[in-house]
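Could you put the whole structure together from the sequences, leaning on the hints where they help?
The listed protein sequences correspond, in order, to chains A and B. For the first sequence, the working numbering begins at -15 and goes up steadily by one. For the second sequence, the working numbering begins at -15 and goes up steadily by one.
Some hints here could point you the wrong way.
The list treats identical chains as one, so a pair stands whether inside a single copy or across any two.
Said to hold, decoys possible - Derived lysine-lysine pairs resembling DSSO-like cross-links, with alpha carbons at most 27 Å apart:
{"hint": "1", "residue 1": "K135", "residue 2": "K103"}
{"hint": "2", "residue 1": "K37", "residue 2": "K20"}
{"hint": "3", "residue 1": "K103", "residue 2": "K127"}
{"hint": "4", "residue 1": "K130", "residue 2": "K116"}
{"hint": "5", "residue 1": "K68", "residue 2": "K131"}
Just so you know, these hints were derived from the structure itself, not from any lab.
There are 2 protein chains.
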Amino acid sequence: MAAENANLSSSLEDYLEAIFNLSKESNIARSKDIAKSLGVSRASVTGALRVLKEKGLANYKPYDYVTLTETGRPIAAEVAQKHKILESFFVDFLGIEPNIAQEAACKAEHTLGPGIIAKLLCFIEFVKHSSKNGCDLADQFEKFCKKQTSKSAGKRDSKNGAE
Amino acid sequence: MAAENANLSSSLEDYLEAIFNLSKESNIARSKDIAKSLGVSRASVTGALRVLKEKGLANYKPYDYVTLTETGRPIAAEVAQKHKILESFFVDFLGIEPNIAQEAACKAEHTLGPGIIAKLLCFIEFVKHSSKNGCDLADQFEKFCKKQTSKSAGKRDSKNGAE
DNA sequence: TGACATAGTTAGGGTAAACTAACTATATTA
DNA sequence: TAATATAGTTAGTTTACCCTAACTATGTCA
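Here is the structure:
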């Protein structure tokens, strides 16, 4: 856990993550693509890059490609990993729609500390382990959920449920 | 799920939640106490109350106690419920320290939509159900975690683990 | 009842993040 | 190589927070 420093805002973490992902995908992170992937204007990207450079997290020269510094990369990687873990928990275990899960992971990745993320990762392993042993937890949970919701739907029908 | 409207910022949701909790605890929400519970200045509270009044969520008159409107109350209740569910998941299942869990819940309650929260609640029920049936999931998970961490600690010792 | 403490408000400022519009640099291609 | 399109930057604005300091209202008790 080399990162966890720098007191970055959610917004700056998003920029780091975007640069990290683009560098992986296309070997190069361009301002335009960062803007697109985060849904912000190109001007906003320029502003963020200047801040990241000041903080020593990104190598930024006007009109050039962006790369992460040795300091910035592990921080970006950690954010990206948090995202991955959350998304996997939401989709593979909770059964959330992928696009909703993706969006939620994107927000929650900035609010959950390393302790919680580590436990979540452990939980994902735990679920995998269970399915190898022939008692698939994700499956059992899914069935349990269905039972619950049909129960409460019944309640609502008969009692004209509150909420 | 009567709430989920109003496009509130995290900050405004926090104010609503604080008013909701104080009204429950002391039957009355005072500016000073809202400020204290959120760790902001009294002036910030005044500002937020004006916005909440504008949005029709709080009954606010200068120099008077604050109450929630019929519109505001269910929204506040939902935020508070999200908080409770998250905290319970973190503490009772993941085994996170209460103060860390409390803080994380406070942040994450604004980022996770009703779908995810509902599933999480369902999961909490699922775990309770399992313990009644004599196979305590929380317990099994805790043991699994301990095994995992001691394994990876071993790895780190022998390989001088990266990360 | 008037002085003092406490609570609440107002005014004025700061910062972070976004935007648009206009400008500059770079790349392409005829 | 000049014209044009695309990419990136700069300047100026806006919004949403938060803050402090100074003011006003309220309540208490001698």
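Consistency of the hints with the structure:
1. K135 <-> K103: Between copies, since 15 Å is at most 27 Å while 31 Å is not.
2. K37 <-> K20: For K37 and K20, only the intra-copy Cα distance (20 Å) is at most 27 Å; the inter-copy one is 37 Å.
3. K103 <-> K127: both (24 Å within a copy, 12 Å between copies)
4. K130 <-> K116: Result: close both inside a copy and across copies, 23 Å intra and 19 Å inter.
5. K68 <-> K131: Answer is between: at 23 Å across copies they meet the 27 Å cutoff, but 29 Å inside does not.
Going down the numbered hints, you'll see the structure goes against none, and every one checks out.
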